[in-house]
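Asker: Could you build all of it, start to finish, from the sequences and the hints given here?
From first to last, the protein sequence lines are chains A and B. Per my numbering, the first sequence starts with residue 1131, numbered consecutively. Per my numbering, the second sequence starts with residue 1400, numbered consecutively.
Please keep in mind that the hints were generated in silico from the structure rather than gathered at the bench. Any given hint could turn out to be false.
To be verified - Here chain B is said to cover these stretches of chain A; the calculated rule only asks that three of the stretch's residues, wherever they fall, bring their Cβ under 8 angstroms from a Cβ of chain B:
1) 1206–1219
2) 1233–1242
Stated by the list, open to error - Listed next, the in silico DSS-like pairs over lysine-lysine satisfying Cα-Cα at most 30 angstroms (straight line):
3) B/Lys-1531 with A/Lys-1303
4) B/Lys-1474 with A/Lys-1246
5) A/Lys-1177 with B/Lys-1474
6) A/Lys-1246 with B/Lys-1531
7) A/Lys-1246 with B/Lys-1405
8) A/Lys-1303 with B/Lys-1477
9) A/Lys-1177 with B/Lys-1540
To be verified - One-sided and incomplete, this derived list gives chain A residues near chain B with beta-carbon spacing under 10 angstroms:
10) Gly-1198
11) Phe-1226
12) Met-1247
Glycine included, each C-beta is placed from N, C-alpha and C at the ideal position.
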Amino acid sequence: MHKTITIDGQEVPFEAGQTIMDAAISADIYIPHLCHNPDYQPHGSCKLCTVKVNGRNCSACTFPAMEGQDIQNHSADLEQDRLRITQMLFVEGNHFCPSCEKTGNCQLQAVAYYLKMHDNHFPHFFANREMDASHPEILIDHNRCIFCNLCVRASQEKDNKNVFAISGRGINKRLIINSKSGQLKDSDIDINDCAAHICPTGAILIKGTGYQVPIGQRIYDQQKIDEVSLAEESKDHG
Amino acid sequence: MADKLKLATTSLAGCFGCHMSLLDIDERMLELAKHVEFDRSPITDIEHCNPCDIGLIEGGVCNSENVHVLREFRKNCKILVAVGACAINGGLPALRNHIPLEDCLNESYRDGIGIENAQIPSDPELPLLLDKVYPIHEIVKVDYYLPGCPPSGDVFWTFLSDIIAGREPSLPYELIHFD
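Answerer: Encoded structure:
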């Protein structure tokens, strides 16, 4: 017999070893997330998946499901926290959607739409971040990096390489590239690597593929991220 | 009919694309005109804002004149609205924010390709540029935000219809776009 947790009053079965996020995805329940992807080890850094477990805040993607947990997911308070977290991600980097090729396919933008974000609320950092256009096929725009660590994990876990890392702390945190020059062209990344395609924002883009789908006809122009996310993630892991 | 609502609009560091998009409400403009009277706006050519119900601000704040205009709107408008990406986060003009202002001026007026009679403009009538392009909520309190580059005609129509009807404005998912 399955053990169960309760998410927003709904009984949800889980198996030993599953996180709250795993159990939610299996039950077709969307918990907003950016740094989590079921194909990779959970990282727990973006905090968007914060839920209340028996009254205490926990990251659903890293917290193990345990018998008898009473979990709040879609409460007004939590959605407000998620909105503020998303707004902080927007002001920390330089996210100018009208000039970004990822617009409409961007998970950061889609989460913002989902949370009905109309403004960025906080003062902007307008951080000075570089671009790395050195590689012939892959572009890095550090302005759009949200430090989700997915490219780091993809390179290590799937590509058996070690192209990316996050370095520094706080406002000095940045994505670094494992090559002598620090440039992408001198790393051993390949266009077929998972790490080149995993970025949820427009920080890692494939060159020569821009605007193949017109703005207005892209993924999140058509569908909300909860539907897209559950369709993709429960198909592979449900 | 009750008195019409007074509406003022302006473009600060914007491209007037949001104003063009307001015109995209097309024939609904006639319906709007039954409920709304335009005060200061590029549509009327009134130069200073009188007391108004709604102020629509397009564009971010890039120079001293933008600051004065924005403060005039805030002082006179009961409801102040940031319209479009530039008013909300500085938009594409804010791409200059990581370049020192002096470098921007030198590149545009002194060192750029094809410049003759190079000089940095210094006519006292020209508004001074700010160090950065700022979103308007960093200068004044903003009541509502209409995202988009530009927000579609339907966004303007939905928002203004709600205000005219006395409802709390609300945009459905399909009208929220940052591009």
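Asker: The structure should be examined with respect to each hint, and the outcome stated for every one.
Answerer: Hints versus structure:
no., hint, in the structure
1, 1206–1219, "violated (count 0)"
2, 1233–1242, "holds (count 4)"
3, B/Lys-1531 with A/Lys-1303, "holds (23 angstroms)"
4, B/Lys-1474 with A/Lys-1246, "holds (28 angstroms)"
5, A/Lys-1177 with B/Lys-1474, "violated (39 angstroms)"
6, A/Lys-1246 with B/Lys-1531, "holds (28 angstroms)"
7, A/Lys-1246 with B/Lys-1405, "holds (28 angstroms)"
8, A/Lys-1303 with B/Lys-1477, "violated (42 angstroms)"
9, A/Lys-1177 with B/Lys-1540, "holds (29 angstroms)"
10, Gly-1198, "violated (35 angstroms)"
11, Phe-1226, "holds (6 angstroms)"
12, Met-1247, "holds (8 angstroms)"
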